[in-house]
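Participant: Position chain B against the provided structure of chain A, taking the given hints into account.
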Amino acid sequence: MNRLVSFRSKSRIGTTPCSSSFYARLLGSSIDASRTRSTANASDSLATVSRCSSLVPARTLTGSSLFGSRNGSSARLSNLTGHGGSQGVARRFCSDAAAERESMEYDVVIVGAGPAGLSAAIRLKQLCGEKGVDLSVCVVEKGAEVGAHIISGNVFEPRALDELLPEWEKEEAPISVSVSSDKFWFLTKDRAFSLPSPFDNKNNYVISLSQLVRWMGSKAEEYGVEIYPGFAASEILCDDNGSVIGIGTNDMGVAKNGSKKENFQRGVALKGRVTLFAEGCRGSLSEKIIKKYHLREKRNAQHQTYALGIKEVWEIDESKHQPGAVIHTLGWPLDQKTYGGSFLYHMSERQVAIGLVVALNYKNPYLSPYEEFQKLKHHPAIKPILEDGTVIQYGARTLNEGGIQSVPYPVFPGGAIIGCSAGFLNVPKIKGTHTAMKSGMLAAEAAFGTLLEGSNLDSYWTTLQNSWVWEELHKARNYRPAFDHGFIPGMAISAVEHYLFRGKSPFTLKHGKPDHEATNVARSHSPIEYPKPDGVLSFDVPTSLHRSNTNHDHDQPAHLKLRDPEMPTQVNLPEYDGPESRYCPARVYEYVPEESGQLKLQINAQNCLHCKACDIKDPKQNIEWTVPEGGGGPGYSVM
Amino acid sequence: MKIMVAVKRVIDYAVKIRVKADKSGVETQNVKMSMNPFCEIALEEALRIKEAGLASEVVAVTMGPKQSIDTLRTGLAMGADRGIHVEATGDLFPLAVAKLFKALVEIEKPGLIILGKQAIDNDCNQTGQMVAGLLGWPQGTFASKVVLDKEKQEVMVDREVDGGLETLCLNLPAVITTDLRLNQPRYATLPNIMKAKSKPVKKYTPEELNVATNSDLEVVEVTEPPKRKAGVLVSSVDELIDKLKNEAHVI
Chain A
1 MNRLVSFRSK SRIGTTPCSS SFYARLLGSS IDASRTRSTA NASDSLATVS RCSSLVPART
61 LTGSSLFGSR NGSSARLSNL TGHGGSQGVA RRFCSDAAAE RESMEYDVVI VGAGPAGLSA
121 AIRLKQLCGE KGVDLSVCVV EKGAEVGAHI ISGNVFEPRA LDELLPEWEK EEAPISVSVS
181 SDKFWFLTKD RAFSLPSPFD NKNNYVISLS QLVRWMGSKA EEYGVEIYPG FAASEILCDD
241 NGSVIGIGTN DMGVAKNGSK KENFQRGVAL KGRVTLFAEG CRGSLSEKII KKYHLREKRN
301 AQHQTYALGI KEVWEIDESK HQPGAVIHTL GWPLDQKTYG GSFLYHMSER QVAIGLVVAL
361 NYKNPYLSPY EEFQKLKHHP AIKPILEDGT VIQYGARTLN EGGIQSVPYP VFPGGAIIGC
421 SAGFLNVPKI KGTHTAMKSG MLAAEAAFGT LLEGSNLDSY WTTLQNSWVW EELHKARNYR
481 PAFDHGFIPG MAISAVEHYL FRGKSPFTLK HGKPDHEATN VARSHSPIEY PKPDGVLSFD
541 VPTSLHRSNT NHDHDQPAHL KLRDPEMPTQ VNLPEYDGPE SRYCPARVYE YVPEESGQLK
601 LQINAQNCLH CKACDIKDPK QNIEWTVPEG GGGPGYSVM
Chain B
1 MKIMVAVKRV IDYAVKIRVK ADKSGVETQN VKMSMNPFCE IALEEALRIK EAGLASEVVA
61 VTMGPKQSID TLRTGLAMGA DRGIHVEATG DLFPLAVAKL FKALVEIEKP GLIILGKQAI
121 DNDCNQTGQM VAGLLGWPQG TFASKVVLDK EKQEVMVDRE VDGGLETLCL NLPAVITTDL
181 RLNQPRYATL PNIMKAKSKP VKKYTPEELN VATNSDLEVV EVTEPPKRKA GVLVSSVDEL
241 IDKLKNEAHV I
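As you go down the protein sequences, you meet chains A and B in turn. Heads up, the first sequence is in the UniProt record's numbering, so the first residue is 1 and it goes up one at a time. Heads up, the second sequence is in the UniProt record's numbering, so the first residue is 1 and it goes up one at a time.
Derived from the structure by calculation, the hints contain no laboratory data. Hints may contain errors.
[To be verified] Listed below are the simulated EDC-like cross-link pairs for lysine to aspartate or glutamate, each with C-alpha atoms no more than 16 Å apart in a straight line:
#1 K203/B <-> D121/B
#2 K183/A <-> E167/A
#3 K600/A <-> E575/A
#4 K20/B <-> D317/A
#5 K99/B <-> E207/B
#6 K229/B <-> D534/A
#7 K23/B <-> E224/B
#8 K20/B <-> D577/A
#9 K16/B <-> E315/A
#10 K363/A <-> D577/A
#11 K195/B <-> E102/A
#12 K256/A <-> D240/A
#13 K197/B <-> E221/A
#14 K2/B <-> E106/B
#15 K260/A <-> E100/A
#16 K195/B <-> E226/A
#17 K20/B <-> E315/A
#18 K197/B <-> D484/A
#19 K288/A <-> D615/A
#20 K375/A <-> D190/A
#21 K510/A <-> D484/A
#22 K227/B <-> E100/A
#23 K197/B <-> E222/A
#24 K20/B <-> D121/B
[Said to hold, decoys possible] Heads up, incomplete: computed chain B residues facing chain A, CB under 7 Å, no partners named:
#25 A14
#26 V15
#27 K16
#28 K20
#29 K23
#30 G25
#31 N30
#32 C124
#33 Q184
#34 T189
#35 L190
These numbers come from a predicted model, not from an experiment. Even glycine gets a Cβ: it sits at the ideal position worked out from N, Cα and C.
So here's chain B without its partners, still in its complex pose:
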């Protein structure tokens, strides 16, 4: 069985984000980029499934500009067997990504797709669900535990939901999106980084896959959240009530 894993190149989580002066987006020039943390967890899970002998191949997929290939190489260094890079400039919204995924699935025919639950740049939390919807596959999102049964062609997924944990049993092929507590991703070792250089990467463009990536959504403006105002010391309960009533308008 083949597993496809989606990996996304995002601004590294430790970097201090700055909004561009023209408010069209965030500053990405000279800024450190890394693999989305949830994508790393997704890839780790796929690698563990393969190492348990339940899958034959792990294919890492990324979509984005030329530089996204670096994220793919990271994935290959972690242990993915092959990479696919859909080269697309401009903003790719989740629906476009999901459509591209569907086109790739028709080519690759994987038995399982694993994605991170969301990307830390746009926090959309939509792509996995849309992929499942377009393919008509069952989905197990916010996975905190994944157990594959090859014989029965099923996968049991523990989901982190608001009320606690929910366990679903999905028939394969299925889509899983990973949550934080699923696993701790491995480090890429030096020898693996070297080996990753020679692992094959296939390139596609949206046109080749017959997918239109134009979106109904447009980013109008990006602004920084308002600066936190300093607290005010009040001298009496009356003053507090007065402020709550007349300034904060909460009572």
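In isolation and in its complexed conformation, chain A is listed as follows:
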């Protein structure tokens, strides 16, 4: 497995060692000195590189026309010289496969090598094997390696994996620690009260999802799936009819000011007869797709609601380690108006995963989920477990809490959305991996039918609703919205749901305001005094960030874009006191004084953990998270 893990890192070269941040680090000098050397050799090599291998031969299945089988009529691809003739809207949303960009064609292109994406890829190849056909499947992943951007609690329910790869145990999947105990505490500042555990984790496992996904990646490759880590899908490609025909990867080697660097490399167009988006929660391209095809309106879905999870993996004292022990907490340090809780899972090899999840519809703009997490670790019930231990990794990611009410219609012309990009996380169970995997498998089955038998891709939606995913999410639908009314009503309604109605309640509660609208203005709250980190249990952001192995080439355009560049100083700062400087777990956003003394927003894009909190929580939705050059971002290995 190790071999395939590092095999993947090959495609990341060029983003790290040659990066100017690396230069700057070693030399402590500006990178300009190194970049002014443009020799004849360099321009020759550039020319050669872009000239080499014009179109790779198409890999369409013999005998079937592109799109012909799907909608009964052949849709014309815009030709590769970049001429589209499409409507203004289509052009703004999707790009034509531009002139000089190389293009590679597959039957299925999957964006994201996570549980959903890899499950879909594996399922497709399994179906090929069963029916004696072959489909070319390509998975493109923005992380430097498969698993580098995967972070999750994680107490794993193997239901979907049992269906997909029933021999997982024999094939040495990194799933070995069975849940041995399941505790549920209500915390006050000084005490922990044991409550009956609402979870049933009897047949579940404590795992590192990053490790499991790496294993799945190697399995997928054994099946013949082509996986390309280090390549970020940044554009959606459409044909003249507005159907999605694939994605374009990012140009690499673009300088901060937009000019082409010495090692500029045009992105590649990956065309698929079916394109599946598996970008995880708040996927950047998935969000565009949902808007463009009105996928929420299509089934009267509500907006999605989110939480931010911040997590560390510690290596603790042997005597304190109980493999399989699972603890969840409610209450302190969060107040009654803020939904969230913490988790502490004992993994293998003296490692424990500890994290705090804070719902992003919190009202107080002065709240810092990161600092609340640091506080949590000092609680008298938690501190003893971590004492004498060391932190191995740190990370953060947003997750869906909308449940069934927020799932958009997941099929659009040309493909479908799977996994957390659609949002199948079961909130009361706090598990989303198994449902994400199952959604990927169902989409694969539908896609297979589309490509080989000409059936409609909408069958994915039908099979989804008839599957255990929907059944589970339906039962779970009222727990989270109940807490929008407050902690006590939330607990009360949850108890009624759980014990009385047992998921068969006749009503469906709705979500409150979207997360970004829930933030109150700063003047209705006062700043929170957070304790200083002690460097043993709690840490400052830069220290934690270093443990996430995050990096981006610093000389690239900032991938966090402001729709209105004046808004931070005109609205965010005066009205909300710059909440982005507090909710970002990577300190990307800082208000620093200019020479005039005025505060200005500084975006340290290089720190970004790709968690998407800013895209979700910015009060005026002014911050747009777009994908940076492939290969950057965090380097999770045990998260």
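Facilitator: Then chain B, alone, in the frame of chain A:
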């Protein structure tokens, strides 16, 4: 002319390094590995020379355990034509690597060898120099500029030295080790990554090359550097002098 480039699989430079609990080394399990940055620069330079028409073939060489093949594939994806993997378990110190290199040179007969100046894991900065010594070839280390003259069979190398820049003229065959400012390595494109899968890789073992890799060196202990102590605010010059004299012992 054939160019041989050495590439090494090391812990990725952005990863936070941890020392193993038994102090025998650093933690490499579940840790991201990449090609040594200086090796990338070396490979880039070789590719540029080839693209300028001054070389016929670039051969990437790596030495190490089974997983080192991944680094080789990266090199092939960047544009090397062939790969050689000397599979050896256990620690390979620079002298052993240099001896293995010499054995490969006798087989491949390259006109130029380019290596990174040092690996970022052991920071030895010895292998290139030892290869040149064993082969009796001229060496241009810490290269920040390389200009090949095919007619005269010479290469001009600008070296970054303590006092500034030194320009050497080396007769081929020669050994060059690369420094940071030499070039900016290229990205591997998706199509090239795909093509790299079918490029040939030859495997050798040290036994096949008749090289003994046992070393006179042994790593006894690896410890983390001492944690930086917090600074102390002094209230007066006298207190500062007192501390400098009696605590830090610097005056």
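Participant: List in ascending order the numbers of the hints, as given earlier, that are violated by the structure.
Facilitator: 1, 2, 8, 12, 18, 22, 28, 29, 30, 32
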